[in-house]
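K.L.:
Letter by letter, the chains look like this.
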Amino acid sequence: MTTLEIAETTVDVDAEGFLTHPDQWNEQIAEEIARESGIPELTDRHWLVVRFMRDRYLATGTAPSIRSLGKESGVPIKELYELFPKGPAKLAAKIGGIPKPRGCI
Amino acid sequence: MMKKQIVILGGGTGGTMTANRLRRHFDADEAAIHVVDRDDWHVYQPGLLFVPFGLAHVDEIVRPRHRQLRTGIVFHENEVESVRIERDEVQLDDGTLLPYDVLVIATGARLQPEETEGLTGPGWNERAFTFYTPGGADQLHRALESFDGGRVVVNLIDMPIKCPVAPLEFAFLADAYFRECGIRNRVELVYATPLDGAFTKPVASKHLAGLLTEKDIELVTEFNAGEVDGVGGKLSSYDGRDLDFDLLVTIPLHGGAAYVERSPGLGDALGFVPTNKSTLQTPARPNVFALGDATDLPTSKAGSVTHFEGEVLTENIVRFLEGKELDSGYDGHANCFIETGFHKALLIDFNYDIEPLPGRFPTPAGPLPLLRESRLNHLGKLMFQWVYWHVLLPGREIPGLGPAMPLAGKKNVPTTTT
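Residue numbers (this note's numbering), protein chains in the order written: chain H, 200 to 304; chain G, 1283 to 1700.
No lab work stands behind these hints: they were computed from the structure.
Glycine residues also receive a C-beta, built at the ideal position from the N, C-alpha and C atoms.
Warning: the hint list may mix true and false statements.
Restraint-style ranges between C-beta atoms, simulated for each label pair [unchecked claim]: (1) G:Pro1546 <-> H:Arg244: 23 to 33 Å; (2) H:Gly260 <-> G:Lys1488: 25 to 35 Å; (3) H:Arg301 <-> G:Trp1668: 30 to 40 Å; (4) G:Pro1484 <-> H:Gln223: 22 to 32 Å; (5) G:Leu1664 <-> H:Trp246: 52 to 62 Å; (6) H:Gly260 <-> G:Gly1547: 57 to 67 Å; (7) G:Val1673 <-> H:Thr208: 34 to 44 Å; (8) H:Asp254 <-> G:Lys1606: 30 to 40 Å; (9) G:Pro1484 <-> H:Gly260: 17 to 27 Å; (10) G:Arg1567 <-> H:Asp254: 24 to 34 Å; (11) H:Asp211 <-> G:Glu1504: 20 to 30 Å; (12) G:Trp1668 <-> H:Arg244: 48 to 58 Å.
Can you build the whole structure from these sequences, using the hints too?
P.N.:
Written out as structure tokens, the structure reads:
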């Protein structure tokens, strides 16, 4: 476990920079992680996805997969990849301050 | 006790085994047991892997479902229209209503190739195939017979899929097949996966990636396939990468049975049924249980899992009907042989907390090597088909192979688990 200073807050992160304690998260942290990950500005569509991921994780203990995200968030998978290039589920989880989604088995 | 109505949806591995176990437990005047399935063809699914290579024929791995059920179990060959959990009844496609005291959901997973753009369009079953259905496996067999070289891409579109090791096994067997045909030097083999490695679990993933390299199979990771051009031979990912193919072997997207979506309160967005990971009761209703591929549990969708779940499930149905507390005994135990070609196989054994580790797996017939290629494991895999029809489905115990994962024989077991 390591700690990191993000947006003037000290947070616990794993080896890949995912927050391990979602309660240490705030919106400034989200914006800073986004910038570092190559997303200069979080639009309303980004926020919709990030909040959906975070709410779902806090309610159920697991983050949705990319497929469920495409079906339930109202943002189609193609657009998810435009918003969060490379890996929408992973990146949205990182920005949303929740642990890295475990690939299911 | 008043005569109870037990309705089991699905006459595959989980449904058949559960029906037979419950039939043995309850006398005819204690419980009526109904099994519903839309067809009468029980496929030994592990056998599908061998069909494309001519090592098994479809008619050898399919038997009538009703013949696997003990006397005194009522079989309904019907599609399920919907489950009405608030009224404790199931409606079938012919209008029949089946009221229940206990419902078991065992309808497995459904392939959804149509959910991937272009996959079922032109080229489907000509250049793009799946071996996950008897028909598809047969078509692929014919295609392989006339294949004389080119680029073969094996791709699983996204998790979850049944038997997560099967696509890897297909790649290993394809390597062996092309070598035996003497055309391996004219075949490029590519394994494309949405995962960040060959497999989901770190230690096994490393071993399996090593085998891919050894067999000269290119591994492409984090490839989320979004579109297929079956005529031009191109598989494209959502992030704009293309893989050209002469032959595509795809594992299509999986979802739950269609009626789950027609039954409010039963399933999740993909049609899988949320289920308690240790008791197998569903949060939908206390009298609704689920097992096997139909659940949303974080373990493999595989027959071995269903088998281990089945023992806990049967016990819990009995306890539920007797008004007793449920047993939280299911630990996520899974056990899979992985064919690696040339009459060898690996064995992996794991649960919710402990990933597949090297070592030895204790069996009544002697230990089997874990995470290591051996002929013994291959023989184990072949022998299992007999065990499946004659021991597992009838609901007999396999001596020395209980639901809980054995720690004995495993190397480097972590002392604390998360």
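K.L.:
Against this structure, judge whether each hint is valid.
P.N.:
Hint by hint, here is what the structure shows:
In this structure, Pro1546 of chain G and Arg244 of chain H meet the distance hint of 23 to 33 Å, their C-beta atoms being roughly 30 Å apart. The supplied range of 25 to 35 Å is met by Gly260 of chain H and Lys1488 of chain G, whose beta-carbon atoms lie about 28 Å from each other. In this structure the supplied range 30 to 40 Å holds for Arg301 of chain H paired with Trp1668 of chain G, their Cβ-Cβ distance being about 36 Å. Under the hint 22 to 32 Å, the C-beta atoms of Pro1484 of chain G and Gln223 of chain H, about 26 Å apart, fit the expected range.
Evaluation of the 52 to 62 Å hint for Leu1664 of chain G and Trp246 of chain H yields a pass: the beta carbon distance comes to about 54 Å. Checked against the hint of 57 to 67 Å, the pair Gly260 of chain H and Gly1547 of chain G fails, with Cβ atoms roughly 20 Å apart. A beta carbon spacing of about 58 Å between Val1673 of chain G and Thr208 of chain H contradicts the range 34 to 44 Å that was offered as a hint. Between Asp254 of chain H and Lys1606 of chain G the CB atoms are about 37 Å apart, so this pair conforms to the stated range of 30 to 40 Å.
Between Pro1484 of chain G and Gly260 of chain H the beta carbons are some 21 Å apart, a value that agrees with the proposed interval 17 to 27 Å. At about 25 Å, the beta-carbon gap between Arg1567 of chain G and Asp254 of chain H stays in the expected band of 24 to 34 Å. Here the CB-CB span from Asp211 of chain H to Glu1504 of chain G is close to 26 Å, well matched to the stated 20 to 30 Å. A C-beta distance of roughly 55 Å is found between Trp1668 of chain G and Arg244 of chain H, which places it inside the suggested range of 48 to 58 Å.
The structure does not agree with the numbered hints 6, 7 stated previously, though it agrees with the rest.
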